[in-house]
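Taken in sequence, the protein lines are chains D and A.
For the first sequence, my numbering assigns the number 1 to the initial residue and increments by one for each residue that follows.
For the second sequence, my numbering assigns the number 1 to the initial residue and increments by one for each residue that follows.
Warning: the hint list may mix true and false statements.
Stated by the list, open to error - Ranges between beta-carbon positions, derived for each pair:
(1) N160(A) with A160(D): 42 to 48 Å
(2) K59(D) with F39(A): 31 to 37 Å
(3) I193(A) with I131(D): 46 to 52 Å
(4) M101(D) with I43(A): 18 to 24 Å
(5) W157(D) with I43(A): 44 to 50 Å
(6) Y114(D) with Q58(A): 33 to 39 Å
(7) R118(A) with R179(D): 43 to 49 Å
(8) A160(D) with I43(A): 39 to 45 Å
(9) L143(D) with F39(A): 54 to 60 Å
(10) A48(D) with F39(A): 39 to 45 Å
(11) E200(A) with L145(D): 51 to 57 Å
(12) Q36(A) with H62(D): 39 to 45 Å
What the hints assert, rightly or not - Taking lysine-lysine pairs in the PhoX-like style, the calculated list, with each CA pair at most 25 Å apart, reads:
(13) K186(D) with K35(A)
(14) K35(A) with K56(A)
(15) K247(D) with K59(D)
(16) K147(A) with K186(D)
(17) K147(A) with K136(A)
(18) K34(A) with K121(D)
(19) K34(A) with K247(D)
(20) K130(A) with K121(D)
(21) K130(A) with K34(A)
Just so you know, the hints here were simulated from the structure itself, not pulled from any lab data.
Predicted, not measured: the structure shown is a model, and the values here were computed from it.
In this text, a Cβ means the ideal position worked out from N, Cα and C, and glycines have one as well.
Each chain is listed here by its residues.
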Amino acid sequence: MIFLLKKGFFNASGDYLFHLLSQSFKSAITVDAYYLSKYFFCDWIMIASTFAAFVFSIKFGHQLNGLKLITIYVVGSLVMDLISIYCEIISPNYRIESFFMSLFFVFEITIFFYYISNNIKTAGIRQKLKIFFLTFFVVILALSLGHILFAKSLKAWLMAMQFLYVIVPCLIYFIELFRFYQPNLKEHPSFWVVTGILFYYSSSLPLFILGDYVFANFHEYLNILNALNYVLYAILFSLFIRAYLCKTKVQY
Amino acid sequence: MQNKSPILIIISSIVFLILCLVGLIITILYLHQKKQIRFQQEIEKIRANHEKELFKAQLEIQEETLQYISREIHDNVGQFLSLVKLNLNTLDFEDRILANDLVTHSSNLLTRALEDLRDLSKSLSSEIIKNGGLQKAIELQVSHLQKTGKFRVIYDVKGNYNYLSEQNEVILFRILQEAINNIIRHSSAQEIIILLSCIENNIKMYIQDNGKGFDTSVLVNGKNHVTSGINNMVKRAKLINADFAIESNPGQGTKITVTTPLLESWEQ
Chain D
1 MIFLLKKGFF NASGDYLFHL LSQSFKSAIT VDAYYLSKYF FCDWIMIAST
51 FAAFVFSIKF GHQLNGLKLI TIYVVGSLVM DLISIYCEII SPNYRIESFF
101 MSLFFVFEIT IFFYYISNNI KTAGIRQKLK IFFLTFFVVI LALSLGHILF
151 AKSLKAWLMA MQFLYVIVPC LIYFIELFRF YQPNLKEHPS FWVVTGILFY
201 YSSSLPLFIL GDYVFANFHE YLNILNALNY VLYAILFSLF IRAYLCKTKV
251 QY
Chain A
1 MQNKSPILII ISSIVFLILC LVGLIITILY LHQKKQIRFQ QEIEKIRANH
51 EKELFKAQLE IQEETLQYIS REIHDNVGQF LSLVKLNLNT LDFEDRILAN
101 DLVTHSSNLL TRALEDLRDL SKSLSSEIIK NGGLQKAIEL QVSHLQKTGK
151 FRVIYDVKGN YNYLSEQNEV ILFRILQEAI NNIIRHSSAQ EIIILLSCIE
201 NNIKMYIQDN GKGFDTSVLV NGKNHVTSGI NNMVKRAKLI NADFAIESNP
251 GQGTKITVTT PLLESWEQ
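The following block holds chain D by itself, in its conformation from the complex (with noise of 0.2 Å):
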């Protein structure tokens, strides 16, 4: 306070940003070889992918508008890639990580149930989806607070959650995509998109089931279950960028 009150706010905020730049510029320099390599390179890889598709949805984003949802999700992806790499790398904090995790899995689920419903074409079942998505947020606050009062394990209550609002609304639009004539569906950049979701959701779910049993019987080997989630990662955000390659224009 005394700080602020002599050099103004402006020099104030100025010299506090020059220090945990430094800072984060010291701890960056000197970080153990052992944090870059700790998941074989895949966390890397797939923050390169998010990069990649960041500048795919920056020069094709604007030709495609059903796509604007994936583009703030990639933008989402990529503020969470430095959160995580500043957390974990330059100035370790599990809890900060932690905190900043359960909002973007709050994000993700919510971009990629919006984004599936706004593609399907019955509107009956659109509005139905949309409403029950209501149920998701009444959910997370249930579990917010069981977890905050009963310390109660969450990891099968996130594993339906999953389930409900994602896969089962890509499977709806799988199921629509045959009831209807969509000529060149390789040009369509929802299906694509809608692939990736589904394939990644699906092939984490068994890491997910596994985590447990690996982490209390095979712990040296967590970490290879953590690097394929980022593989699996990186293989959704490539599917994106086929996405934002794709020549059709309009989305829905």
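Given chain D, put chain A in place with the hints provided.
For chain A alone, coordinates are given in the frame of chain D:
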């Protein structure tokens, strides 16, 4: 070796996952392609059936038109020419006054025959549509009806009338002519209302009379002069994808409504 095994596990898992993803995408695209081919085949079948129906309708309309011409020539022009021939055969130049009367009478009959032929020709010709459009053609038709003195005709146009294609205007006009012919021949009506309305990309033509009406169940059950004319109108409406509706009850007149979408008309 110990260091390499996690990497091997990761690489083999990645390869397996990528193969699964590629397999999933290829399967979806292949099944989708098969479905689209089947869908297109069904559309082609429906289109072919529709074209067959349209062609059949066009042939039937042509047949009806030729029969109408044949009837008109036989009933009107043929009768007049027969009378003229009879007059000329019985002409006696010795009786000058009688001969004069017969010649004058024959001349009048020939004039009426020529007028009938001219009217028939005009009614079949679509020149009036080409030159003045549907509105003008209806106005002329209304004026002919009013000149007969037998009918009180009310004609109105609602909305901003946008022109259909010439073909559609001709067909709508033919439907109107058929309806008016039916009114003249069968309804014993004294008043005819013709309304042309253009609202929300639809053109609606509405023809009503205060004649004796009929039981619309004959349209389903029987084939007679009433059903033949109405079937003709239905077929013509189908040609331009218009909706045709008829309401009638004995003693309560008849209402005919033809609705054609403006957008489809332009696309045609």
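Original post:
Going straight from one Cα to the other, do K34(A) and K121(D) come out at no more than 25 Å?
Top reply: holds, 21 Å
**OP:** May I ask you to test the hint 54 to 60 Å on the CB atoms belonging to L143(D) and F39(A)?
**Re:** For L143(D) and F39(A) the Cβ distance comes to about 44 Å; the hint is violated.
Original post:
Regarding N160(A) and A160(D), is the given constraint of 42 to 48 Å on their beta-carbon distance met?
Top reply: For N160(A) and A160(D) the Cβ distance comes to about 59 Å; the hint is violated.
Original post:
Does the Cβ-Cβ separation between R118(A) and R179(D) fall within 43 to 49 Å?
Top reply: Distance hint for R118(A), R179(D) is violated at roughly 60 Å.
Original post:
Regarding the pair K147(A) and K136(A), is the alpha-carbon distance no greater than 25 Å?
Top reply: The given pair, whose Cα atoms are some 17 Å apart, holds under the 25 Å limit.
Original post:
Using the C-beta atoms of E200(A) and L145(D), is the stated range 51 to 57 Å upheld?
Top reply: holds, 54 Å
Original post:
Is it true that Y114(D) and Q58(A) lie within 33 to 39 Å of each other by Cβ?
Top reply: Between Y114(D) and Q58(A), where Cβ atoms are some 52 Å apart, the hint is violated.
Subject >> Distance restraint between K247(D) and K59(D), which requires alpha-carbon spacing of 25 Å or less >> reply: Holds, at about 13 Å.
**OP:** Using the beta carbons of I193(A) and I131(D), state whether their distance is inside 46 to 52 Å or not.
**Re:** At 50 Å between Cβs, range holds.
**OP:** Could you see if the CB distance from A48(D) to F39(A) stays within 39 to 45 Å?
**Re:** holds, 41 Å
Original post:
Given the proposed pairing of K147(A) with K186(D), does the C-alpha separation stay at or below 25 Å?
Top reply: violated, 67 Å
Subject >> C-beta pair W157(D), I43(A): status relative to the range 44 to 50 Å that was hinted >> reply: holds, 47 Å
Checked against the numbered hints given earlier, this structure breaks hints 1, 4, 6, 7, 9, 12, 14, 16, 20 and 21; the rest are met.
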